[in-house]
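Enquirer: The chain contents come next:
2 protein chains.
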Amino acid sequence: MERVLNFAAGPAAMPLEVLESIQKNICNFNGEGLSVMEMSHRSKTYDKIINETKENLKKILSLGDDFDVLFLQGGASTQFAMVPLNLADENDLTYYAVTGNFANKAFEEAKKWTNAVDITNSKVDKYKYIPEIDNSKLDKSAKYLHITANNTIFGTMYDKLPEIDVPLVADVSSNVLGKDYDYTKFALAYAGAQKNLGPAGLTVVIVNKKFIREDVRSKVPTMLRYDIHSKNNSMYNTPPTFAIYVAGEMFKWVINQGGVKELEKRNTEKANMLYDILDNSSLYKAFADKKSRSIMNVTFNLPSEELEAKFVEEAKKAGMINLKGHRVLGGIRASIYNAMTLEGVKALAEFMQTFESSNK
Amino acid sequence: MERVLNFAAGPAAMPLEVLESIQKNICNFNGEGLSVMEMSHRSKTYDKIINETKENLKKILSLGDDFDVLFLQGGASTQFAMVPLNLADENDLTYYAVTGNFANKAFEEAKKWTNAVDITNSKVDKYKYIPEIDNSKLDKSAKYLHITANNTIFGTMYDKLPEIDVPLVADVSSNVLGKDYDYTKFALAYAGAQKNLGPAGLTVVIVNKKFIREDVRSKVPTMLRYDIHSKNNSMYNTPPTFAIYVAGEMFKWVINQGGVKELEKRNTEKANMLYDILDNSSLYKAFADKKSRSIMNVTFNLPSEELEAKFVEEAKKAGMINLKGHRVLGGIRASIYNAMTLEGVKALAEFMQTFESSNK
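Quick mapping for you: the protein sequence lines, in order, are chains A and B.
Just so you know, we're using numbering that gives the first Met the number 0 here: the first sequence kicks off at 0 and counts up by one.
Just so you know, we're using numbering that gives the first Met the number 0 here: the second sequence kicks off at 0 and counts up by one.
Don't take every hint at face value.
Copies of one chain are not kept apart here, so a pair can be met inside one copy or by any two copies together.
[Claimed, not checked] Subject to a maximum C-alpha distance of 25 Å in a straight line, what follows is the list of computed DSS-like cross-link-like pairs (lysine-lysine): (1) K47 <-> K315; (2) K309 <-> K110; (3) K57 <-> K209; (4) K139 <-> K230; (5) K316 <-> K43; (6) K260 <-> K359.
Bear in mind the hints are in silico, worked out from the structure with no lab data behind them.
Sequences and hints are given; from them, build the entire structure.
Expert: See below:
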């Protein structure tokens, strides 16, 4: 079988040329006689891989020496704990913009260790949109305000970062490298790799060094301390070496494609192609409010669950997989990260139009 | 260049046939049209992979339904925190057998949350041996006794598990699947994958279900709770999907080789070949005491650091890499995990004899 068109929300499609480069080197990396999987993380070759990967990401995001990049494990879910444990103390005020399920999980986790307040919350409106944050209402003593830059399940996204006078922390798992933000505005941003960065099992943390504290609460597990990982260049213990290498190949691909600005342009074009169909359809109904629409995850509904199931099934027969919405929301979701080509989205658009014609 | 003989302590050599099988499938797994790296962890295909991997490990270790296998992240270092946080409460007594650097790290971490006592400690003797544990001296109210089954840095190993009346917890990172223990004797055993199990970035936890508690302290991070991962079949969040798949290929290889008993036999033969040279040499001096010798990591010294450096350098020229000892101990270390063939060890043995002849 040829390669399918994979609209999965994550783990998600990767560029074929990246996979092919990995394939070529899997038993013998650059003729050195061993796989990257077999390399000591303390070897010169691996040292070069991890440092180049880090430098390329800093280059892509225009980050200077005031920022560090950490390669960790445990996914965004582990960051839900690390952020409050490292950036705040027991009674400190922290703000959460609750714009989806994962945002809410981050908020619930933070309540364990800080005075966490949901400064905005669109749950009553089924997370259909991202509420504005009113800077004038923020207590400036708050340690940080946490946003979820792109809400994978609901298909909503911050088009612009909030302008606030409190340090900004963001879960950028599902739009990092796909949407062009000014990363110097973040105190800290983190991402599970499994969308635009590489394979699951790697978490990338981008952190302004002045927010890395050594005086965290005494009972924080060593592995959950940013200062420990930063001091050890992500090698306090054995890092996920192969996943970091694959991320490095992804970063080279991003640079070759023209960087994040160019990818955002393409992603916008891809997303608009689908939103245009939704907005002009009598069959499909876009889920997210127009002003909050994601360019990474396009969510929509059909008139019945039966029709949605039929849509997913027929798309699969046409070689387009993973279009079923997340179990929390239902409906249809097309995730169109960097690796999904314009041609792939065109194929989906055509399928949607044909399906509408035959199911009026 | 041909593949080298890789004596790294971890990440370590993998069987070539496993790497080749992964290579074949990297862009298109079993003709399904996508890489395992691109697969949704909720897909049917991936579900089959993770469940088969789990079942194969349980089969290899002869574990019944009273045991669970968890696929986590963060390495043994994260387990150093998870064990005390999940298995004990604030003032509970816990025992640690401190037989090496990592054992000591586990002990130091446990002190943060429990009344941890180092029931044995061979630090004053440079961790040259593994002290006996006297069951009659153990307070039976202790929540567990933690051992490090194989001390990678020092080249020592428990040949037999201690017979004790306190639940036994073990870090088996560097001899799991290479040394045949009765795993039903463990309350919990954990391993970073990067030696005998697969690529770095995966931690395997083998746990007797009756030690999985739901009533852990309220402020334990969600991602550090065994009950959460067990209830969700290691899919509370996105697991390290590719690393789990590779571990699954390793497990199939172990079964094809005849299981752990057979591999232990081979590893013993490999190790004895090297120890015989050390014991009959006037140049080399084995580091570990005879009764505590590891069959996974063979550590030794030469009369001077200069000669040790020369040994490492000349071995490298002969295609044998990563023989330099850990920075904590110095000297030479040959790690000979399951994937290192008898022929590979023979080549090292011959090199050692030739080197001794020319450097008397």
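Enquirer: Look at each hint and say if it fits the structure.
Expert: To see whether the hints hold, each was checked on the structure:
1. K47 <-> K315: between (42 Å within a copy, 19 Å between copies)
2. K309 <-> K110: The answer is neither: 42 Å in one copy and 57 Å across copies each exceed 25 Å.
3. K57 <-> K209: within (17 Å within a copy, 47 Å between copies)
4. K139 <-> K230: neither (29 Å within a copy, 40 Å between copies)
5. K316 <-> K43: Answer is between: at 16 Å across copies they meet the 25 Å cutoff, but 48 Å inside does not.
6. K260 <-> K359: For K260 and K359, the Cα distance exceeds 25 Å both inside one copy (39 Å) and across copies (65 Å).
Of the numbered hints given earlier, the model fails hints 2, 4, 6; all others are met.
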